[in-house]
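Guided by the hints, dock chain B onto chain A, whose structure is given.
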Amino acid sequence: MQIEVIVNLKKIKMEVDANEFLADTLRKYGILSVRKGCDTTCCGLCTVWIDDKPTLSCTTLSFRANGRKITTIEGVHKEADEFAQILVAEGAEQCGFCSPGFIMTVLAMKNELTNPTEETIVHYLTGNLCRCTGYMGQLRAIKTYLGVQ
Amino acid sequence: MFTLLNLVQPDTIEAAYKALVEKRNNIVLGGCAFLRMGSQRIGTAVDLSRLNLNYIVEQNEYVEVGATTTFRDIETNPLLNRYFNGVLPEALSQIIGIQFRNTVMIGATIYSKYGFSDLLTALLALDTEIELYKGGRMSLKSFLESSFEKDILTRIFIKKNERKANYQHLRNSCSDYPILNVAVSKLNDQWKIVVGARPQRAIIVQKASEELANLELNSKNIDRVATMAANEITFGTNMRGTADYRKCICKVLVKRAIMEVLQCK
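Going down the list, the protein sequences come from chains A and B.
As numbered in our numbering, residues 963 to 1111 make up the first sequence, in order.
As numbered in our numbering, residues 10 to 274 make up the second sequence, in order.
Don't read these hints as lab results, they were simulated from the structure.
Backbone N, C-alpha and C fix where the C-beta goes; we use that ideal spot for every residue, glycine too.
Please note that a few of the clues may not be correct.
The following label-pair restraints were derived from C-beta to C-beta distances [what the hints assert, rightly or not]:
#1 B/Glu23 x A/Asn970: 37 to 43 angstroms
#2 A/Lys998 x B/Asn90: 51 to 57 angstroms
#3 B/Arg59 x A/Asn1073: 42 to 48 angstroms
Computed from the model, here is a short list of chain B residues facing chain A with C-beta under 7 angstroms [unchecked claim]:
#4 Leu13
#5 Cys41
#6 Ile105
#7 Ile107
#8 Gln108
#9 Phe109
#10 Asn111
#11 Thr112
#12 Ser184
#13 Ala252
Calculated Cβ distances over 12 angstroms to all of chain A for the following chain B residues [what the hints assert, rightly or not]:
#14 Gly75
#15 Tyr123
#16 Lys173
#17 Asn227
#18 Asn240
Excised from the complex, chain A in its bound form (with noise of 0.2 angstroms):
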């Protein structure tokens, strides 16, 4: 079946399979930040934006997003990018396999929350698996780009 997404404000026509998830499709379309991990909707690793609300593109059968808008790391590159120099400057990088994913949920946070503590701030990325890190840098790196203590 066909279907029409907006992906990273283009509109684009996508072939896809009824059992196809979204993941995949984007893959197989060029967009090859969005990664798989866990495959069982516990990593976050695949998380990208339908209609800007941070979504597993893993469990998302394709033929939902049709009429819909997506957005990934390629979408949001000057914001992303921001994050990531703060991210590097605290030693919070490492493999980098699960950042885009990582990187999409903070940019949906810092959309949805207005100054958040801590607690909070942990709670929003309990979705985000990271097995090299130790999520302490990851922490204080997000804390600087937010502007909270």
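Quick look at chain B alone, frame taken from chain A:
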């Protein structure tokens, strides 16, 4: 991996039901969070996203929630944060991550009667009714006790009243499935103690709930009721905990929840 042979997106509930009952292996799609973990062979998948069932509205006597409303919408809804001491958003906030809760849908969770559900335990402690397209409107308790029949859950009604409520849970780790969860609520002198993830589905602990209404609520009596609740229901063993462990935890969580409800304003 599952197999999905055909897909329909009906514009009316009548057409959705017709497609559902056409063949034995036709199903309604929910949030699809667990779909990829199974090996179902689905004939026709019925997607309800064109039926405009994603909403939360306040009526005179009820808060009405459409079946395809996501957990995150419930969690962040100001109305549901205001009523019942925010017990529903609290129960949902522990489930995996924001992205997951933006995907899963209330109707699918209720219809599937998941044993591990945080939502069902909290909803059962409130005065909740559900509406099935064919089966009509009924209490959530009746629905959970009924045998499985193919139908489409369309709406959920939560009675607006002065019910005070609290939700407690124990998990091996943050965002994991609960080992046990408990919701306790109180409306005037009527109490409801609900225990879920036993690992069987949530139930109201009837005798212990009734006993609470007849007692002076001091620490000793609350202890007694919590023990009574743990003895009244059965528990099972799975990879997250044994039946004996769950029984011990039940006493603690019931006591905590009752004491929290007594503090609710």
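Status of the hints after comparison with the structure:
Between B/Glu23 and A/Asn970, the C-beta spacing of about 38 angstroms keeps the proposed range 37 to 43 angstroms intact. Taking 51 to 57 angstroms as the suggested C-beta distance range, the pair A/Lys998 and B/Asn90 does not conform, at roughly 34 angstroms. Taking 42 to 48 angstroms as the suggested C-beta distance range, the pair B/Arg59 and A/Asn1073 does not conform, at roughly 28 angstroms. Proximity of B/Leu13 to chain A holds as hinted, the smallest CB-CB distance being about 4 angstroms (cut-off 7 angstroms).
Interface restraint check: B/Cys41 against chain A, minimum CB-CB distance 6 angstroms, threshold 7 angstroms, status holds. Checking B/Ile105 against chain A: minimum C-beta separation of about 6 angstroms stays under 7 angstroms; hint holds. Proximity of B/Ile107 to chain A holds as hinted, the smallest CB-CB distance being about 6 angstroms (cut-off 7 angstroms). Hint status for B/Gln108 relative to chain A: holds, with the closest Cβ pair at about 5 angstroms, below 7 angstroms.
A hinted interface residue such as B/Phe109 counts as satisfied when its beta carbon comes closer than 7 angstroms to some beta carbon of chain A; here the least separation is about 5 angstroms, so the hint holds. With a least beta-carbon distance of about 5 angstroms to chain A, the hint placing B/Asn111 at the interface is held under the 7 angstroms criterion. Checking B/Thr112 against chain A by beta carbon gives a least distance of about 6 angstroms; that is within 7 angstroms, so the hint holds. A cut of 7 angstroms between beta carbons decides the hint on B/Ser184: the least distance to chain A is about 5 angstroms, and the hint holds.
Contact between B/Ala252 and chain A, as hinted, is not supported at the beta carbon level, the nearest pair being about 26 angstroms apart and thus beyond 7 angstroms. Annotated as non-interface, B/Gly75 keeps its C-beta farther than 12 angstroms from every C-beta of chain A; the closest such distance is 16 angstroms. Every CB of chain A lies more than 12 angstroms from the CB of B/Tyr123, the least distance being 14 angstroms, so the non-interface label holds. In this structure B/Lys173 is separated from chain A by more than 12 angstroms, as the shortest Cβ-Cβ distance comes to about 24 angstroms.
Non-interface status of B/Asn227 relative to chain A is upheld: no Cβ of that chain comes within 12 angstroms, the nearest being about 33 angstroms off. Against chain A, the non-interface label of B/Asn240 holds: every CB pair exceeds 12 angstroms, the least being about 35 angstroms.
Hints 2, 3 and 13 from the earlier list are contradicted by this structure; the remaining hints agree with it.
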